[in-house]
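Peer 1: This is what each chain is made of:
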Amino acid sequence: MEDELIDIKNTAISFILEAEDLESLEETKLQFLGRSGKLTLAIKGITKVAPEKRKEFGLLANEVKQTIEDALDTQKSKLKSQKVANVVERIDITNPGIKPNLGHLHLVTQAIEEISNIFARIGFERVRYPEIEWDWYAFEALNFPADHPARDDWETFFIKGEPDPKRGPMLLTPHTSSGQIREMERLGKPPIRMLNIAKCYRRQSDVSHAPMFHQFEGLVIDKDISITHLKGVLDYFAKSFFGSNRQSRIRPYHFQFTEPSFEVDVTCGICLGKGCKLCKEGWLEMGGAGMVHPNVLKAGGIDPQKYTGFAFGWGVERVLMMREGLKIDDLRILYSNNLDFLAQF
Amino acid sequence: MNIKILDSWLRDYVKTKATPQKIGELLSLSSVSVERLEKYEADFIYDIEITTNRPDLMGVVGLARETATVLKQNGIDASFVAPKLTKPQTPKTNLIEITNDPKLVNRLCAVVMDVKIGESSKEIKERLEASGTRSLNNLIDITNYVMKTIGHPTHVFDFDRLNTKTLIIREAKKGEVIKTLDEKDYSLNGGEIVAVNDQNEIVDLLGIMGLQNSVVTAKTKRILYFINNNQPAKIRKASMTLGIRTEAAVINEKNLDAELAYDALLYGIEMFAKIAGGKIVSDIIDLYPNKVTKHYVEVSLEKINQVIGVSIDPEKALQSLSNLGFKAQIVGGKIKAEVPSFRIGDVEIEEDIIEEIARIYGYHNLPSVLPPQTAIAAHKFADQFYFEQRVKSAMKYWGFTEVYSYSMVSQELFEGPLEEAVEISNPLSEDMIYMRKTLVPSLLKVVSENKNKEVIKIFEIANVYNKRTKDLPQELMTFAGVIKKNKVTFFETKGLLEQLCYDLGIKNLSFKQSEKSGNGASVYIEKEYLGEIEILDANLIDFELNFELLLRHATLKKEYKPLNKFPPIIEDLSIAVNSDIKTEDIIANIYSQSNLVIDVSLKDTYKDSRTFHINYQDPEKNLTNEEVSEIRKKITSSLKEKFKASVR
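Chains as they are written, first to last, in this note's numbering: chain A, 1 to 345; chain B, 1 to 648.
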């Protein structure tokens with residue numbers, strides 16, 4: 001009985017595939033699935049099947065029926081589209097297409113996505129830490145002296161309210177470096193390989209500064225971490241993000257929370273290092289970096305005799321501008337949300 | 001800050017055949033950044049950025065020392081020629097008595113000289129002009145010239161106009177008034193460092209700017225040449241609150257070497273004698289209460305190699321330090337260095353010495369090596385960032401544009417009672433004073449600023465800030481959107497959120513009549529409040545959701561059910577029912593009649609009639625018409641009984 005079902009299926013399929021028009025296809029359908037079609041009759045024969053095998057027979061019969069129906073449908077649409085193909089010359093294909101919806105992601109989101117992916121490949125774990133922070137995390141633990149200009153009212157936004165007796169006043173973090181201590185606290189001990197991307201705020205608003213911006217901060221702490229490792233990560237990022245034709249370098253600079261400290265440069269995308277009007281003798285500054293200051297390690301509960309590390313904090317908007325060669329007159333357009341502007345990205 | 005100096009001026013103190021281009025390049029790599037090298041007639045100007053820790057490089061002499069060091073390191077002949085300064089013979093007379101306050105001024109050097117006012121030499125004029133300082137007369141020019149050579153600001157008073165036998169250094173009191181030499185009036189805030197004469201008139205705003213009542217004039221014959229090394233924080237505060245940002249103030253607010261004050265005195269005396277006919281008529285006053293003390297730093301050779309990452313020749317390291325002015329030697333595997341006075345405060349720990357050695361060795365000479373991966377924590381693929389990106393992409397492909405608006409808002413855009421606001425104490429403007437508690441007002445502002453667009457679909461994912469007592473505010477990741485469109489419907493917004501939640505694997509999403517005033521719905525996941533859909537008018541709808549709650553429920557987990565072997569029976573059921581009856585309740589009722597009802601959806605509504613699409617299926621066998629009609633009967637009688645529905 002089961003063999004009969006299989007035979008019917010095979011015969012039906014071959015008939016269906018040979019059908020050259022919709023009429024003969026319909027005929028085939030009747031021949032197998034009609035009231036006195038071959039399959040219909042075979043299924044009626046279920047009464048001759050031993051009772052314990054009936055369920056199995058029923059399942060198989062359904063499957064066969066389904067297969068034949070599917071084959072009919074497929075062949076039907078194939079024959080139909082052949083018909084359509086014959087009339088294709090009547091369409092003006094230069095008429096506009098009907099497009100699915102498409103919006104735009106903000107260019108900062110696009111940059112963050114790309115940066116995260118680049119660093120993920122070399123084992124950096126992405127995190128996000130508070131935008132409103134205690135002075136302790138933003139300055140004190142990062143080795144800023146009490147009278148450092150960044151801590152005064154002209155450069156950093158402060159939040160109204162009583163300062164915490166231990167952690168000082170609340171403020172809008174001016175850099176993602178405040179995440180360094182938080183990450184050391186979270187993990188307790190090295191190895192650390194952090195990528196902190198977050199909003200930052202500084203009390204500055206002009207064509208090249210928005211009071212709110214984004215930074216990405218890398219932090220690596222382990223045994224025997226050296227300046228050569230910082231250079232390795234920097235080169236990897238610069239080549240991945242800007243392209244293999246761009247060079248990078250570090251040179252001396254000064255930050256409170258790193259020692260030694262570096263400024264990181266990438267060759268200008270316009271002149272590729274020859275020197276032009278848009279760069280500084282062939283180079284563009286990407287941002288700061290350095291070896292984590294021993295006082296910062298101590299503040300994060302890590303023994304600076306056992307471990308060393310490096311950190312960098314770069315502006316998302318800045319690297320974006322450096323790569324795209326976007327000649328944006330006023331950086332604040334990123335946050336003014338002119339939809340025609342956003343639609344370009 | 002940046003300084004500009006002429007190449008020829010630098011070469012007074014460093015003897016070398018290196019080209020300006022080479023000097024610029026090597027300084028950038030190993031010392032300070034030469035941002036531009038500009039041709040200036042037959043000369044060149046270096047435009048150099050000096051970091052705040054290196055005020056010693058604000059003078060040509062300091063730069064020359066660095067230049068010679070980096071040239072020698074790179075195998076180029078160079079020698080640093082320090083200025084030779086000697087204390088001149090002076091009469092033993094005291095023409096003025098100065099009372100210092102050691103809490104305000106670390107060192108104070110002064111001398112009275114007879115001078116002839118006039119023009120400066122062409123060379124001095126040119127050097128000053130090229131550095132961006134206007135030449136005025138020889139007396140003022142000398143103060144600037146000395147500052148730019150030695151690196152310490154200096155000042156000159158008209159001694160006769162001071163008209164006093166004493167000068168007292170003290171803090172200003174609030175409300176005291178002064179007129180600066182550029183004829184501007186200021187009312188002091190208190191705490192500024194000032195000098196007062198014996199008539200109790202303020203005659204100087206120390207470290208920042210001279211005053212109109214004591215400045216040299218065309219008639220000046222006798223000067224008090226005056227150098228003060230101050231407490232930097234006092235200068236910073238005064239300069240910023242008064243808004244007077246002179247070059248002197250910017251230098252004085254850094255940690256300046258008090259030893260340089262005396263160099264500046266001697267060099268100035270020499271210059272007055274040379275170009276202003278200067279003759280010393282008083283003894284030199286040198287009040288030096290806060291003497292610089294010697295400072296030593298030790299670091300092991302092992303640590304140097306570990307931090308730099310390559311093996312450094314100790315002898316070369318010693319040579320670099322010595323060229324930079326350190327006295328260094330190797331004792332028992334360690335470098336012990338005495339820090340020169342002009343680097344005290346900057347070089348204090350092991351790492352500072354390592355930096356000196358490494359930068360002179362040349363960072364560009366170090367290899368690039370990726371750090372070894374010693375251990376790596378397990379990574380959760382579908383973390384918060386993954387879902388955030390997934391939501392953003394979905395929105396993009398559904399036609400929405402993402403915006404980023406400022407976290408700080410005006411009072412007008414702030415929603416909620418102001419006592420609950422996280423407020424900035426020093427805002428840049430009233431437009432950005434509160435940390436927002438909701439996103440929608442910012443999005444509506446974007447809509448109103450893009451008036452020319454008939455259709456707008458925007459969204460943002462950002463933090464909102466909720467005040468907490470004695471703790472940082474709660475930062476709650478929030479997801480909001482606005483649709484502006486002719487006859488936008490509630491249902492397309494609801495459908496958007498439903499589809500989004502479906503994609504995030506979130507079940508049990510429900511919509512209830514909004515408890516807030518206005519038209520719309522409150523959205524829940526199970527019993528937890530997710531957010532709100534708000535109908536603002538016929539063309540404007542917004543939504544705002546707790547994104548963290550979405551993330552907590554989001555999952556990539558899928559459940560596999562074996563595909564059904566038996567075909568379903570599908571039919572439509574139209575009923576007329578009172579419009580108060582909720583579709584949701586009808587659907588729930590239909591489901592409850594039999595577990596063979598596997599899917600029910602509203603297909604259509606017309607006036608008071610609703611058509612439901614019902615799917616019956618038995619996983620075990622083929623359903624017969626009899627079985628289905630049995631269930632249908634149960635459904636219709638239940639609908640009649642419960643909702644007074646009549647079947648069409």
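Treat the hints as calculated values from the structure; they're not laboratory data. It is possible that part of the hints are untrue.
No more than 30 angstroms apart at the CA atoms, straight line, and that leaves these computed lysine-lysine pairs for BS3-like [claimed, not checked]:
#	chain 1	residue 1	chain 2	residue 2
1	B	LYS17	A	LYS274
2	A	LYS327	B	LYS396
3	B	LYS487	A	LYS65
4	B	LYS453	A	LYS306
5	A	LYS76	B	LYS607
6	B	LYS39	A	LYS80
7	B	LYS621	A	LYS55
8	B	LYS561	A	LYS55
9	A	LYS99	B	LYS445
10	A	LYS306	B	LYS396
11	B	LYS334	A	LYS298
12	B	LYS527	B	LYS467
13	B	LYS103	A	LYS166
14	B	LYS470	A	LYS189
15	A	LYS239	B	LYS380
16	A	LYS280	B	LYS39
17	B	LYS561	A	LYS277
18	A	LYS65	B	LYS565
19	B	LYS4	A	LYS306
20	A	LYS277	B	LYS380
21	B	LYS621	A	LYS29
22	A	LYS65	B	LYS22
23	A	LYS274	B	LYS103
24	B	LYS22	A	LYS274
25	A	LYS53	B	LYS565
26	A	LYS9	A	LYS55
27	B	LYS22	A	LYS277
28	B	LYS4	A	LYS327
29	A	LYS9	B	LYS621
30	B	LYS103	A	LYS99
31	B	LYS470	A	LYS298
32	B	LYS39	A	LYS166
33	A	LYS280	B	LYS22
34	B	LYS561	A	LYS9
35	B	LYS565	A	LYS189
Remember, predicted model here, so these are calculated numbers, not experimental data.
Peer 1: Run every hint past the structure and note whether it holds.
Peer 2: Quick rundown of the hints versus the structure:
{"no.": "1", "hint": "B:LYS17 to A:LYS274", "result": "holds (23 angstroms)"}
{"no.": "2", "hint": "A:LYS327 to B:LYS396", "result": "holds (25 angstroms)"}
{"no.": "3", "hint": "B:LYS487 to A:LYS65", "result": "violated (48 angstroms)"}
{"no.": "4", "hint": "B:LYS453 to A:LYS306", "result": "violated (60 angstroms)"}
{"no.": "5", "hint": "A:LYS76 to B:LYS607", "result": "violated (39 angstroms)"}
{"no.": "6", "hint": "B:LYS39 to A:LYS80", "result": "violated (78 angstroms)"}
{"no.": "7", "hint": "B:LYS621 to A:LYS55", "result": "holds (9 angstroms)"}
{"no.": "8", "hint": "B:LYS561 to A:LYS55", "result": "holds (21 angstroms)"}
{"no.": "9", "hint": "A:LYS99 to B:LYS445", "result": "holds (29 angstroms)"}
{"no.": "10", "hint": "A:LYS306 to B:LYS396", "result": "violated (48 angstroms)"}
{"no.": "11", "hint": "B:LYS334 to A:LYS298", "result": "holds (23 angstroms)"}
{"no.": "12", "hint": "B:LYS527 to B:LYS467", "result": "holds (25 angstroms)"}
{"no.": "13", "hint": "B:LYS103 to A:LYS166", "result": "holds (28 angstroms)"}
{"no.": "14", "hint": "B:LYS470 to A:LYS189", "result": "holds (29 angstroms)"}
{"no.": "15", "hint": "A:LYS239 to B:LYS380", "result": "holds (27 angstroms)"}
{"no.": "16", "hint": "A:LYS280 to B:LYS39", "result": "holds (15 angstroms)"}
{"no.": "17", "hint": "B:LYS561 to A:LYS277", "result": "violated (65 angstroms)"}
{"no.": "18", "hint": "A:LYS65 to B:LYS565", "result": "holds (11 angstroms)"}
{"no.": "19", "hint": "B:LYS4 to A:LYS306", "result": "violated (43 angstroms)"}
{"no.": "20", "hint": "A:LYS277 to B:LYS380", "result": "violated (46 angstroms)"}
{"no.": "21", "hint": "B:LYS621 to A:LYS29", "result": "holds (24 angstroms)"}
{"no.": "22", "hint": "A:LYS65 to B:LYS22", "result": "violated (86 angstroms)"}
{"no.": "23", "hint": "A:LYS274 to B:LYS103", "result": "violated (51 angstroms)"}
{"no.": "24", "hint": "B:LYS22 to A:LYS274", "result": "holds (14 angstroms)"}
{"no.": "25", "hint": "A:LYS53 to B:LYS565", "result": "holds (17 angstroms)"}
{"no.": "26", "hint": "A:LYS9 to A:LYS55", "result": "holds (19 angstroms)"}
{"no.": "27", "hint": "B:LYS22 to A:LYS277", "result": "holds (20 angstroms)"}
{"no.": "28", "hint": "B:LYS4 to A:LYS327", "result": "holds (27 angstroms)"}
{"no.": "29", "hint": "A:LYS9 to B:LYS621", "result": "holds (21 angstroms)"}
{"no.": "30", "hint": "B:LYS103 to A:LYS99", "result": "violated (74 angstroms)"}
{"no.": "31", "hint": "B:LYS470 to A:LYS298", "result": "holds (26 angstroms)"}
{"no.": "32", "hint": "B:LYS39 to A:LYS166", "result": "violated (54 angstroms)"}
{"no.": "33", "hint": "A:LYS280 to B:LYS22", "result": "holds (15 angstroms)"}
{"no.": "34", "hint": "B:LYS561 to A:LYS9", "result": "holds (27 angstroms)"}
{"no.": "35", "hint": "B:LYS565 to A:LYS189", "result": "violated (56 angstroms)"}
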